[in-house]
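Let's have the full structure, built from the sequences with the hints guiding it.
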Amino acid sequence: DAGVIQSPRHEVTEMGQEVTLRCKPISGHDYLFWYRQTMMRGLELLIYFNNNVPIDDSGMPEDRFSAKMPNASFSTLKIQPSEPRDSAVYFCASSAYRGLEQYFGPGTRLTVT
Amino acid sequence: GNSVTQMEGPVTLSEEAFLTINCTYTATGYPSLFWYVQYPGEGLQLLLKATKADDKGSNKGFEATYRKETTSFHLEKGSVQVSDSAVYFCALSDLPSNTGNQFYFGTGTSLTVIP
Numbered sequence: 001d002a003g004v005i006q007s008p009r010h011e012v013t014e015m016g017q018e019v020t021l022r023c024k025p026i027s028g029h030d031y032l033f034w035y036r037q038t039m040m041r042g043l044e045l046l047i048y049f050n051n052n053v054p055i056d057d058s059g060m061p062e063d064r065f066s067a068k069m070p071n072a073s074f075s076t077l078k079i080q081p082s083e084p085r086d087s088a089v090y091f092c093a094s095s096a097y098r099g100l101e102q103y104f105g106p107g108t109r110l111t112v113t
Numbered sequence: 001g002n003s004v005t006q007m008e009g010p011v012t013l014s015e016e017a018f019l020t021i022n023c024t025y026t027a028t029g030y031p032s033l034f035w036y037v038q039y040p041g042e043g044l045q046l047l048l049k050a051t052k053a054d055d056k057g058s059n060k061g062f063e064a065t066y067r068k069e070t071t072s073f074h075l076e077k078g079s080v081q082v083s084d085s086a087v088y089f090c091a092l093s094d095l096p097s098n099t100g101n102q103f104y105f106g107t108g109t110s111l112t113v114i115p
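Chains as they are written, first to last, in the numbering used here: chain Y, 1 to 113; chain V, 1 to 115.
Worth flagging that the hints you see were computed from the coordinates, not collected in a lab.
One should not assume that every hint holds.
Stated by the list, open to error - The calculated DSBU-like cross-link candidates involving lysine-lysine, where the alpha carbons are at most 35 angstroms apart (straight line), are:
id, chain 1, residue 1, chain 2, residue 2
1, V, Lys52, Y, Lys68
2, Y, Lys24, V, Lys56
3, V, Lys60, V, Lys77
Unchecked claim - Computed spacing ranges between beta-carbons, pair by pair:
id, chain 1, residue 1, chain 2, residue 2, range
4, V, Leu13, Y, Thr38, 25 to 33 angstroms
5, Y, Lys78, V, Asp54, 42 to 50 angstroms
6, Y, Asn51, V, Thr51, 17 to 25 angstroms
7, V, Thr51, Y, Pro84, 15 to 23 angstroms
8, Y, Gly16, V, Glu69, 52 to 60 angstroms
9, V, Ile114, Y, Val53, 42 to 50 angstroms
The beta carbon of each residue, even a glycine, is placed where N, CA and C say it ideally should be.
As structure tokens, then:
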């Protein structure tokens, strides 16, 4: 199994630009999670999906953030417009079923200048 | 509400020393408990898990026992190696609804093992 795939691995952009992060979960997994990790705030859950439907987006920090899951094998996290405080590592994770362990991707390191 | 509290780091040990990283939790119901490890520049990897009280999870020489009476899930290893240097996260999985699956992660404990 290829594991959770994220792209790009690194993204450097200027303030105000749109950023799109991509995730391919493990095949057959029903749940997909987006997290953000920073030194100051640690690991934060942004949003998660069950069978492509958003279940809880209460962790999305602002309207500038949006996430979609058009099908079972693809999800995006978009930031528009980006700001320097969005700089962080963004992780995608998937889980086969409710309550089971999550498998994390390698992360996307985002730097907004 | 649900939460996970783990010991503050950083922790520095000499090779072959005994490791304990404390983790306590607060939860309604009967959560599953996990330990994840994050090596520099990588994502979190599942280290071990326990799904019910008194279960012991183990992997790569690490162990943790789900103690409902003390609401704890402490991570232990008898003899650490330099390659164990990483950040360790305790986590709890809760099922708040028919479709909900909320994970709660601790703040992470950084471990450095010196030769």
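Going through the hints against the structure:
Among the hinted pairs, Lys52(V) with Lys68(Y) is consistent with the structure: their alpha-carbon atoms are about 34 angstroms apart, no more than 35 angstroms. Simply put, Lys24(Y) and Lys56(V) have alpha-carbon atoms about 32 angstroms apart, close enough for the 35 angstroms limit, and the pair holds. Proximity of Lys60(V) to Lys77(V) is assessed by CA-CA distance (about 9 angstroms); at most 35 angstroms being required, the pair is judged to hold. Between Leu13(V) and Thr38(Y) the beta carbon distance is about 26 angstroms. The supplied range of 25 to 33 angstroms therefore holds.
In this structure the supplied range 42 to 50 angstroms holds for Lys78(Y) paired with Asp54(V), their Cβ-Cβ distance being about 45 angstroms. For Asn51(Y) and Thr51(V), the Cβ-Cβ distance of about 23 angstroms falls inside the hinted range of 17 to 25 angstroms, so the restraint holds. Restraint check, Thr51(V) to Pro84(Y): a C-beta distance of roughly 42 angstroms breaks the suggested window 15 to 23 angstroms. Under the hint 52 to 60 angstroms, the C-beta atoms of Gly16(Y) and Glu69(V), about 54 angstroms apart, fit the expected range.
Remark: the range hint 42 to 50 angstroms for Ile114(V) to Val53(Y) is upheld by a beta-carbon distance near 48 angstroms.
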